[in-house]
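Enquirer: Below are the chains, spelled out letter by letter.
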Amino acid sequence: MYAWTSLLSSISVVVIYTVYAIGLPENWAEVESQLASIFIKVFLFVLVIEIALEILKNKNEVEKDERDEMVAGKGYRNAYHFLMVSVVFVLFQMIMENILGFQSLVYGSVSLVHVLIYVVLLASIINRGTQIFFYRRIGF
Amino acid sequence: MSNFKIENNIRTLRFHSGEMTQAELAKRVGVTRQTINALEANKYNPSLELAFRIADVFDVGLEEVFTYEK
Chain G
3 MYAWTSLLSS ISVVVIYTVY AIGLPENWAE VESQLASIFI KVFLFVLVIE IALEILKNKN
63 EVEKDERDEM VAGKGYRNAY HFLMVSVVFV LFQMIMENIL GFQSLVYGSV SLVHVLIYVV
123 LLASIINRGT QIFFYRRIGF
Chain Z
451 MSNFKIENNI RTLRFHSGEM TQAELAKRVG VTRQTINALE ANKYNPSLEL AFRIADVFDV
511 GLEEVFTYEK
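If you read the sequences in order, they're chains G and Z.
Residue numbering for the first sequence follows our numbering, beginning at 3 and increasing consecutively.
Residue numbering for the second sequence follows our numbering, beginning at 451 and increasing consecutively.
Simulated from the structure, these hints should not be mistaken for laboratory data.
All C-beta atoms in this analysis are idealised placements derived from N, C-alpha and C, irrespective of residue type, glycine included.
Do not rely on the hints blindly, as some may be mistaken.
[Stated by the list, open to error] Think about it this way: if two alpha-carbon atoms lie no more than 27 Å apart in a straight line, the pair counts; the simulated DSSO-like pairs of lysine-lysine are:
{"#": "1", "chain 1": "Z", "residue 1": "K493", "chain 2": "G", "residue 2": "K66"}
{"#": "2", "chain 1": "Z", "residue 1": "K477", "chain 2": "G", "residue 2": "K76"}
{"#": "3", "chain 1": "Z", "residue 1": "K493", "chain 2": "G", "residue 2": "K76"}
{"#": "4", "chain 1": "G", "residue 1": "K66", "chain 2": "Z", "residue 2": "K477"}
{"#": "5", "chain 1": "G", "residue 1": "K66", "chain 2": "Z", "residue 2": "K455"}
{"#": "6", "chain 1": "G", "residue 1": "K59", "chain 2": "Z", "residue 2": "K493"}
{"#": "7", "chain 1": "G", "residue 1": "K76", "chain 2": "G", "residue 2": "K59"}
{"#": "8", "chain 1": "G", "residue 1": "K43", "chain 2": "G", "residue 2": "K59"}
{"#": "9", "chain 1": "Z", "residue 1": "K477", "chain 2": "Z", "residue 2": "K493"}
{"#": "10", "chain 1": "G", "residue 1": "K66", "chain 2": "G", "residue 2": "K76"}
{"#": "11", "chain 1": "Z", "residue 1": "K455", "chain 2": "G", "residue 2": "K76"}
{"#": "12", "chain 1": "Z", "residue 1": "K520", "chain 2": "Z", "residue 2": "K477"}
{"#": "13", "chain 1": "Z", "residue 1": "K493", "chain 2": "Z", "residue 2": "K455"}
{"#": "14", "chain 1": "G", "residue 1": "K59", "chain 2": "Z", "residue 2": "K477"}
{"#": "15", "chain 1": "Z", "residue 1": "K493", "chain 2": "Z", "residue 2": "K520"}
[To be verified] Simulated DEER-style distance windows between Cβ atoms:
{"#": "16", "chain 1": "Z", "residue 1": "F502", "chain 2": "G", "residue 2": "Y22", "range": "49 to 55 Å"}
{"#": "17", "chain 1": "Z", "residue 1": "A473", "chain 2": "G", "residue 2": "R138", "range": "20 to 26 Å"}
{"#": "18", "chain 1": "G", "residue 1": "L114", "chain 2": "Z", "residue 2": "S497", "range": "39 to 45 Å"}
{"#": "19", "chain 1": "G", "residue 1": "V90", "chain 2": "Z", "residue 2": "E457", "range": "42 to 48 Å"}
{"#": "20", "chain 1": "Z", "residue 1": "A473", "chain 2": "G", "residue 2": "Y22", "range": "43 to 49 Å"}
{"#": "21", "chain 1": "Z", "residue 1": "L498", "chain 2": "G", "residue 2": "E99", "range": "48 to 54 Å"}
{"#": "22", "chain 1": "Z", "residue 1": "E474", "chain 2": "G", "residue 2": "V15", "range": "37 to 43 Å"}
Here chain Z stands alone, though its shape is the one from the complex (with noise of 0.2 Å):
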């Protein structure tokens, strides 16, 4: 299980929403600015919930903000 590594698009996502800061996204998705730092660094793995509002937020499907790799 730990060979697995969920990674994310968020920074990138953010930049190509016209330049989102970590705030905005934070607000919008009902989490402090320090967790969505946190999953930037992928040092926090979100609940599935707060997954599906961050893609929701940039309007795309749950597999092009997180990515499970080996």
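If we strip away everything but chain G, and leave its shape as in the complex, we get (with noise of 0.2 Å):
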């Protein structure tokens, strides 16, 4: 459950960045109303369930075990590979702007700390998805 939780919030900010990211569309006095009505309903949404997990949660029991940690590490992994390759190709297109005068997908310094910010924020998400896809697998 805390895999969905995290997930969920991590595609709300990847949503509101890309809103901040792209830039307000025209008619955003109509749209901003209901993004932040949606951003609150699933802040207090995760909220909820975190806290309603913590009450249930039976103290006798084992909170982590070797599965658990396995199905992290895979997370991790998945995450780790995605970093990587985007960065490799980030800095590709760098030296192909400079060196070649390429004109890349990622130009200018504004744009780079966007895609540096997209890349941590779907490795994140790959991080999650990968946990819930093995959970679900090996069975909760």
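Can you join these two chains into the complex? Each is in its own frame, and there are hints to help.
Expert: Written out as structure tokens, the structure reads:
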């Protein structure tokens, strides 16, 4: 359940950051209140779930064991691979831009910051997504 | 390697040990109940240490709990 709430939080952050990065649409005034409402709902949902899980947790039970560590390890491994490939790709684009004058997809320092933030957020989503996939496969 | 499968008799052994619950076994071997459930469903292969701890709880040999089959 923690992986689900974490995934939901990461996706909502990506959506909100996308709105910030792309720029506000013309009819922003209409969208703003809806978006703020969705964000607050997601935040409150995640908060309520986390509090409920803490209350319902049986204090006598083991919280984390070797199976959880294995699943977490697979999540971190996939996120790390994505992060490394993405960083190398961004660096390669920058080198192409500076040496060959090739206009890359990552253009300018502002875009670079956006891309790197996206890479980190997507890595977080991949991490949680992988954990959910393996938990579903080997059973909760 | 994928032709082989590790199976176990944990559910049967629990039944013969006074109908021990998954939660009780989990507590005694130091894992979550979900892990015992995954083990019984053959969805997860335990570490060697956990396998020995489970065998120790039932006071039997490792080969009586886990079998390695084609």
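Enquirer: Each hint: holds or not?
Expert: Here's how the hints hold up against the structure:
1. Z/K493 <-> G/K66: Since the Cα atoms of Z/K493 and G/K66 sit roughly 18 Å apart, the hinted pair holds (cutoff 27 Å).
2. Z/K477 <-> G/K76: holds (25 Å)
3. Z/K493 <-> G/K76: Answer holds: Z/K493 to G/K76 is near 16 Å, not above 27 Å.
4. G/K66 <-> Z/K477: holds (12 Å)
5. G/K66 <-> Z/K455: holds (26 Å)
6. G/K59 <-> Z/K493: holds (24 Å)
7. G/K76 <-> G/K59: Judged against 27 Å, a Cα distance of about 25 Å means the pair holds.
8. G/K43 <-> G/K59: holds (24 Å)
9. Z/K477 <-> Z/K493: holds (20 Å)
10. G/K66 <-> G/K76: Judged against 27 Å, a Cα distance of about 15 Å means the pair holds.
11. Z/K455 <-> G/K76: Measuring from Cα to Cα gives roughly 22 Å; hence the hint holds.
12. Z/K520 <-> Z/K477: violated (32 Å)
13. Z/K493 <-> Z/K455: holds (11 Å)
14. G/K59 <-> Z/K477: holds (14 Å)
15. Z/K493 <-> Z/K520: holds (16 Å)
16. Z/F502 <-> G/Y22: 49 to 55 Å: holds (54 Å)
17. Z/A473 <-> G/R138: 20 to 26 Å: For G/R138 against Z/A473, whose Cβ atoms are near 22 Å apart, the range 20 to 26 Å holds.
18. G/L114 <-> Z/S497: 39 to 45 Å: holds (43 Å)
19. G/V90 <-> Z/E457: 42 to 48 Å: holds (43 Å)
20. Z/A473 <-> G/Y22: 43 to 49 Å: With Cβ atoms ~46 Å apart, the hint holds.
21. Z/L498 <-> G/E99: 48 to 54 Å: Because 52 Å falls inside the window, the suggested range holds.
22. Z/E474 <-> G/V15: 37 to 43 Å: This hint holds: roughly 41 Å between Cβ atoms.
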